[in-house]
Amino acid sequence: MDAVETKMIPIYIMGQRYEVPEGLTIMKAMEYAGYQYVRGCGCRGGICGACGTIYRIPGDYKIYSALACQTAAEPDMYLTQLPFFPANHVSSDYAELEGVPEDIYKLYPELFRCVACNACSKICPMDVPVMDVIAYIKRGDIEKAAFEAFDCIQCGLCTSRCFAEAPQFHIMQLARRLYGGKLAPKAQHNAEAAKAVRDGKFNPMLDQLTSMSLEDLKKEYIEREIEPETAGDEWKPKETKWLLEEYLR
Amino acid sequence: MKLSYLPGCTLKTKAQDLDLSTVAAMGALGVELEELPRWNCCGTVFSFADDDLMHQIAPVRNLVRAQEQGGEQLVTVCSFCFNTLKRANLLVKENSDKLDTLNTFMDEEEDYKGNVNVVHLLEVLRDEVGWEQIAGKVQNPLKDLKVAAYYGCTLHRPIEAAIEPPNKPEALNDLIKAIGATPVDFPDMTTCCGSYQAVANPEIVINRTREILTSARESGAEMIAVSCPLCECNLKENQKELGELRMPVIYFTQLLALALGVDSHLHQCEQNPADARPLLESKGLIDACSATYI
Amino acid sequence: MKKINPHKTNFIRKVEEISGQNIGLCYQCGTCSGSCPNFAEADILPRQLMRRAQLGMKEDVLQSKIAWVCASCLSCTANCPRGIDIAKVMEAVRLLSLRENIDYVNPRELSQETIAKLPQIAMISSFRKHTA
Ligand code: SF4
Ligand code: SF4
Ligand code: SF4
Ligand code: SF4
Ligand code: FES
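Protein chains in written order, with the working numbering: chain A, 27 to 275; chain B, -4 to 289; chain C, -18 to 113.
The set of hints was computed from the structure by calculation and includes no laboratory data.
Fair warning: this is a prediction, and the values are worked out from it, not measured in the lab.
Treat the hints with caution; some may be incorrect.
As the list claims (entries may be wrong) - Here's a subset of chain B near chain C, in silico, CB distances under 8 Å, partners left out:
#1 Cys36
#2 Phe100
#3 Glu232
Unchecked claim - Ranges between beta-carbon positions, derived for each pair:
#4 Glu124/A with Gly131/B: 44 to 52 Å
#5 Gly11/C with Ser214/B: 40 to 48 Å
#6 Gly125/A with Lys98/C: 15 to 23 Å
#7 Lys98/C with Asn90/B: 35 to 43 Å
#8 Glu27/B with Leu269/A: 49 to 57 Å
#9 Asn90/B with Gly11/C: 30 to 38 Å
Idealized CB from N, CA, C, for every residue including glycine.
Let the sequences and hints guide you as you build the complete structure.
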């Protein structure tokens, strides 16, 4: 008969027992069990935050979390996905914000109800130290908050656990936006590149490309020079006249 | 001497002058305050409910952080942090069952063993440095300056968390004396400023401020020294409405830093009726600055 | 006429359990009221709250303002000749409402100026004492 026999394991989806082949991700296991994703699935690559999942293991009081698309189903998991958790988002006019902690306090004063229970950090499937991020925000350190919250994928699991009823992921997103747009030092080379574009440095190249026939354009594309994956910082294309540094020189 | 230090949230934003002048002044006295590498908000007010441990997590988690640092003492200067941390510490030291519950709940942390002592900066100045030592290091005695020492609630109440016998507050008076200024006793040294009622019932704070400023003024004080950023805010913010009662409000650590000849971070003061700079300037204690009463 | 129950009702037991205080010890001297900086903002005095609590007058106690204008200054506690920690009784009274999810302060309704002006400790303590 078959050389390989697939081992089946029991998992419990919303309390219902299913036998699924060992080694599947939770997401594939759910599909194997007959579930069809309308919500709760996006990128299947661990980055969109749509597939937040919580589970327990019999005999253990703890609550665990996973991204369904990234985590292998284990025997006896009692799980459910939590594709969405209500969390109030406050809109604001970004241009009006000043990049000060009070921007955040005014929009999300409930963050001051945090009791440092750490339930948020413990549940986070991305290992964001959510409690510490909220602590940084409470003491006005937007930069630290933005860096520590960088891995957040907005799955909402932290908010589902919050004793303070605070929408941590919206708060952290605001911190990242304030940092990125108002606090981080502006990269000088970006400004220079933008100026080069405005000054028309690349216009001849664009003019040339837009006047080409489709056939020539395809050929040009296929034959274009590609930076080797192993290239170091010193790598330069053969044609250097479009490089910014040439222009700035 | 090196001591673990928890500045607290407000000292990193609105009360930076308190944090910076504290670290500068203590440095001049040979005490290095080492900020805990990781800390969270202490919760600011102690929970009075016997059946509530949820609100003890925040202070106790900070005690775990201090324990991780290996320090026996945890120094605070914000009166709110001090009171909350100290009371939470007493609570778990006296109730091993509560400590066990908290340790079990915080299973991601090492167990708190109850060996940290929470101390206020005034206690460090009094017990570890000493008033005479401080007097000996003064470069710029604050002569002719009459300062009302305003302790507020949390340094002296409740009695088990007080920095000294509560019926006769003197630590701040002694410090004021040691730096060459004249401490002024006034009846409202430990009267509440209205505290967090600034949020829900601001008229309470205005009434408290009026009473405190009136009695400080009638006692002949020229300025009020505080250790709590909320006292500072409450006493300062309402002075515009209080007309004749205006009086400079300053952190005691700023006076200490000024006397020791290190940066008192007075430039962090906003220009407002409670700005201490014009008074200090008129006494020749600081160089001319652009601040004026408004 | 309000019903006055001379025995320990569930309400009294609950106040005592949360506060850890024996409210029966109060002999109505009024020292707490005399030390309270905020009594004038309330409808009844701390001493009157203690009496109403002793009598199990739940509605009167829960509806009175004194526990909500209390700033947890502990003057009353420091001075009570019967050693009652009145501030803890005030907290118990607040919690009996807060634990029913009845807030005294709504963080989202504070004015933007208030939030911008006040130090964090003001908001944090207010929310701890005044929100569920
Ligand atoms: S911080 Fe919260 S929303 Fe972000 S990934 Fe972690 S649990 Fe999800
Ligand atoms: S779950 Fe909420 S209350 Fe608990 S630590 Fe996180 S933010 Fe704070
Ligand atoms: S001070 Fe104590 S004994 Fe006197 S009325 Fe108040 S609670 Fe009762
Ligand atoms: S703790 Fe509350 S009730 Fe007691 S004296 Fe202070 S404000 Fe009044
Ligand atoms: S589906 Fe996008 S993170 Fe799992």
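We went through each hint and held it up to the structure:
1. For the restraint placing Cys36/B at the interface with chain C, the shortest Cβ-Cβ distance is roughly 6 Å, inside the 8 Å limit, so the hint holds.
2. Checking Phe100/B against chain C by beta carbon gives a least distance of about 18 Å; that is not within 8 Å, so the hint is violated.
3. Nearest Cβ of chain C to the Cβ of Glu232/B: about 7 Å, under the 8 Å cut. The hint holds.
4. The beta-carbon spacing between Glu124/A and Gly131/B, approximately 46 Å, falls within the hinted interval of 44 to 52 Å.
5. At about 27 Å, the beta-carbon gap between Gly11/C and Ser214/B misses the expected band of 40 to 48 Å.
6. Separated by about 18 Å at the C-beta atoms, Gly125/A and Lys98/C satisfy the suggested range of 15 to 23 Å.
7. Evaluation of the 35 to 43 Å hint for Lys98/C and Asn90/B yields a pass: the beta carbon distance comes to about 38 Å.
8. Our hint of 49 to 57 Å for Glu27/B and Leu269/A holds, since their Cβ atoms are close to 51 Å apart.
9. The hinted range of 30 to 38 Å is satisfied by Asn90/B and Gly11/C, whose Cβ atoms lie roughly 32 Å apart.
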